[in-house]
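Since the structure of chain B is provided, determine the placement of chains L and Y on it from the hints.
The primary structure of each chain is shown beneath.
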Amino acid sequence: MRMPDKSEFLLQVEGVSLTFGGVTALRDVSFDIRKGEIRAIIGPNGAGKTSMLNVINGFYHPNRGAITFKGRTRARMQSFEASRGGIARTFQNVALFKGMSALDNIMAGRTLKMRRGLLWQMLRYGPALAEEIEHRNRVEEIIDFLEIEAIRKVPVARLPYGLQKRVELGRALAMEPDLLLLDEPMAGMNLEEKEDMSRFIIDVSNHYGTTIALIEHDMAVVMDLAHRVVVLDHGVKIADGTPDEVKQNQGVIDAYLGVAH
Amino acid sequence: MLYREAGQFKTTYAEDMAIFPIRQDRIALGILLGIAFIGVPLLATFHVWPFAGDYLLWAILLPFLILALAAIGVNILVGYCGQISLGSGAFMAVGAYSAYKSGTGVHIPLAWLGFAISIPPLPVLASILLGGLTAAVVGILFGVPSLRIKGLYLAVATLAAQFFFDWVFLRVPWFTNYAPSGSVNAPALNFFGLVIGTPIERYLLCLTFVTVFAVLAKNLVRGNLGRQWMAIRDMDIAAELIGIRPLYAKLTAFAVSSFIVGVAGALWAFVYLGSWEPLAFSIDRSLQLLFMVIIGGLGSIMGSFVGAAFILILPIMLNLIPTELGVPLSTETITHLEFIIFGSLICYLLIKEPHGFARLISIGKEKLRLWPFPY
Amino acid sequence: MIALGQFLEVLIGGLMSGVLYSLVALGFVLIFKASGVFNFAQGAMVLLAGLALVRSLDFLVAEGFPLWAAIIIGIGFAVVIMAITAWLIERLVIGPLVNQDGLTLFMSTIGATFILEGAAQMIFGSDAYPLRLFPTDAWFLFESLFPGGILVNKLDVWGGFIAGILVAGLAIFFQRTKTGRALRAVADDHLAAQSVGIPINWIWFVVWLVAGLVALVAATVWGTKLGVQYSITFLALKALPVLIIGGLTSVPGAIVGGLIVGAGEKIAEVFLGAYIGGGIEYWFAFVLALAVLLVRPQGLFGERIIERI
Chain B
0 MRMPDKSEFL LQVEGVSLTF GGVTALRDVS FDIRKGEIRA IIGPNGAGKT
50 SMLNVINGFY HPNRGAITFK GRTRARMQSF EASRGGIART FQNVALFKGM
100 SALDNIMAGR TLKMRRGLLW QMLRYGPALA EEIEHRNRVE EIIDFLEIEA
150 IRKVPVARLP YGLQKRVELG RALAMEPDLL LLDEPMAGMN LEEKEDMSRF
200 IIDVSNHYGT TIALIEHDMA VVMDLAHRVV VLDHGVKIAD GTPDEVKQNQ
250 GVIDAYLGVA H
Chain L
0 MLYREAGQFK TTYAEDMAIF PIRQDRIALG ILLGIAFIGV PLLATFHVWP
50 FAGDYLLWAI LLPFLILALA AIGVNILVGY CGQISLGSGA FMAVGAYSAY
100 KSGTGVHIPL AWLGFAISIP PLPVLASILL GGLTAAVVGI LFGVPSLRIK
150 GLYLAVATLA AQFFFDWVFL RVPWFTNYAP SGSVNAPALN FFGLVIGTPI
200 ERYLLCLTFV TVFAVLAKNL VRGNLGRQWM AIRDMDIAAE LIGIRPLYAK
250 LTAFAVSSFI VGVAGALWAF VYLGSWEPLA FSIDRSLQLL FMVIIGGLGS
300 IMGSFVGAAF ILILPIMLNL IPTELGVPLS TETITHLEFI IFGSLICYLL
350 IKEPHGFARL ISIGKEKLRL WPFPY
Chain Y
0 MIALGQFLEV LIGGLMSGVL YSLVALGFVL IFKASGVFNF AQGAMVLLAG
50 LALVRSLDFL VAEGFPLWAA IIIGIGFAVV IMAITAWLIE RLVIGPLVNQ
100 DGLTLFMSTI GATFILEGAA QMIFGSDAYP LRLFPTDAWF LFESLFPGGI
150 LVNKLDVWGG FIAGILVAGL AIFFQRTKTG RALRAVADDH LAAQSVGIPI
200 NWIWFVVWLV AGLVALVAAT VWGTKLGVQY SITFLALKAL PVLIIGGLTS
250 VPGAIVGGLI VGAGEKIAEV FLGAYIGGGI EYWFAFVLAL AVLLVRPQGL
300 FGERIIERI
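Chains B, L and Y, in that order, are what the protein sequence lines are. Sequential numbering from 0 applies to the first sequence in numbering that gives the first Met the number 0. Sequential numbering from 0 applies to the second sequence in numbering that gives the first Met the number 0. Sequential numbering from 0 applies to the third sequence in numbering that gives the first Met the number 0.
So here's chain B without its partners, still in its complex pose (with noise of 0.2 Å):
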């Protein structure tokens, strides 16, 4: 495995905490993510996981904290600011375009580059049809990669789930990515599934060099994708290393075995 270099950051999350009316989702939480590295973040169920990616790609406004991102630092991010920038996600519960078919979900992934305004498209014609016929050719290639040739015409709500996970990966690879943040990509997958999905994972970080922040429950999956783990519980940052190190961590045994705080 290709170790991604040390000295680059791609993300850095500083000192951040979200609230939301009383409850604390995340406090006081900072970890950093290095050019073309897989990092997991884990923890049991509620612990800001989910919360934490909302915050990187700005659905959700952190209270306090900074969030720096190819070098530029805010105290939040916009999700326009995001999208632009490179960060694409997939979803906890599959979050695809139901009406559409496959092939329109991950053209939709194209959006941001494409550049032909209201009247080209309405006409169909030249410039606009060249530039339909460019990203079709893009989007054919993601959908070799993944392997859905058969149904890239099915409408999406027709599709197992397991097929519907990599759709969306698909849509979010249109995007072209510097930073792909994956919420529990192999939740409700059976094994063979689970494999698939680990193989399309470290080829997209191999083949495209992508950064990759993946929420995963399998520890076994994440011990063997993520080049680091940082381990959330009750929305407070308890560990932060490889994942032999984090493995090690008593705090990160406690919280998974259910300690009395």
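Do not rely on the hints blindly, as some may be mistaken.
[Stated by the list, open to error] No more than 25 Å apart at the CA atoms, straight line, and that leaves these computed lysine-lysine pairs for DSS-like:
#1 B:152 to L:351
#2 B:69 to B:34
#3 L:366 to B:152
#4 L:364 to B:97
#5 L:217 to B:69
Quick caveat, the hints were computed from the structure, so don't treat them as lab data.
Frame of chain B, contents of chains L and Y only:
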């Protein structure tokens, strides 16, 4: 000829992305267009059955074409972008009245500034398109709340447009050129020297408009913008997180939809009605258009045609069939029966087939491809 | 002092007609709270309840029943009709559409509106039928303070009185009875409610029935004021902006929203209409609602929605 696509291989993405990728569909469409553009006018010119009188042209085909156009507009907003509108009638009215104003000359007295703005009457085609543009601007204005509110709330916002414009065109005499009765007459339909008058000419004019707009609308909904609209409809949060700007997507949907609805309104007033009152664009019209879209198929351009046809033909059938059977119904009963049938059909389709008749047709085509085998 | 007197008279008249809007809006809120359905058919239910009541009354009186007996039987008949309606809607429309998104449910209630309007008029007739259950004359108050006094319709006072009783009754029903508690549970999360053994279909039937009864009450007051006729359904549309202003989920919001709309549109009509043309009443409520939406989308009393993903 059997409905088979075996042997029709697409070797380019352009071919694969065509509106009708299957050859038989293209042939069928060609025949349909041939009948519509050549067959119908020929039959009507020589008064061959069923075009013996002008009834079929005037009372069915003309309103069908114009309302189908309006339904395409509504479908873009409701079916593709998922933004409900109960104010389509108002946008038709905006299109009709602004086309009327620009067709008869705009005069804005600015007494307190000491001068007046006067614009001479514009040609009819420009007026109609300007009607669409004005409707688009108004549509954008009333679409702005959609950035903060969703679904049901938006329904009320569009109702506000409906009632406000009902009132404006009824009470502000400037819009009706101070006509004492409140009823106004369309200017002569002079298209570059060609004066449209007979039912056949009116029919061909509307058919041209509908065909052109249907193709443009189809291009939009299968392109990047259409995908953005559908993404907003299906899951707006996820759409935002992949870089779709809700502001741009929603407001373009409002603009395009209102433009088409506005043009349909101008055609309805100029070409079909000739002279009209604000009542022609009441909330009943809005609901009628919404029904066409639901029955025909949400998110389907073809469905807009099917829905418009159904909504127009059902009352005629209700009138005709009992009379033929010797039990004529009173007009009141027919109206009530219409209400009940439309209502039941809406509920039934929403439960069983939310994509309306259009989906039923495409299921039929799927079956036909494999016929005589079940699968 | 004439201006003040006139202003007070318009204000009171407006507040009282606002009570009528509140009555219809209440029906909306009940259904929205319990099933998340934005019930476009509430106006049609008012029409149906009113027609059932007034037509059975007319029939019974013509058959020689004493008035009190006719009223009791007539109300009983209308209640049965509303119960059947509630059962049919739950069975045939809302039940099969459970778990659909709000837009689909909303459009299905537009469908239900047309069925109800068509059926109600087909069965009971489509003329305007006068209903005389409450006194319709007026009081003149403070004649010593203002010349001519302030005109207050007795019917409006009755309307306010009935609305008060209705709200109190609903509050007791929601807070104190077992069905009321179950209803609130269903409103929060119908799947969870179902999993603890609350019969969800029964609860929805009850909600629609209660909304039907609220419609009946509204119909008696409105019918006395305007006669029972088709145009009632259009007036009922005004309950929509009332809801937006008050907040979709709030019973007090429906009341306050109704009062604001009622008083606001009358005052606007009388004092603004002179300048920009009459008939402002027609759209005032909707444009006010639009303004509220832009400033405070959840309405005056609504809860703020936090989106999750």
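Going down the list of hints, with the structure as the test:
Taking the CA atoms of residue 152 of chain B and residue 351 of chain L, the gap is near 22 Å; set against the 25 Å cutoff, the hint holds. Among the hinted pairs, residue 69 of chain B with residue 34 of chain B is consistent with the structure: their alpha-carbon atoms are about 10 Å apart, no more than 25 Å. For the hint linking residue 366 of chain L to residue 152 of chain B, the alpha-carbon distance of about 17 Å falls within 25 Å, and the restraint holds. The suggested pairing of residue 364 of chain L with residue 97 of chain B holds, with an alpha-carbon distance near 22 Å, which does not exceed 25 Å.
With a C-alpha separation of about 40 Å, the suggested pair residue 217 of chain L and residue 69 of chain B falls outside the 25 Å cut-off, and the hint is violated.
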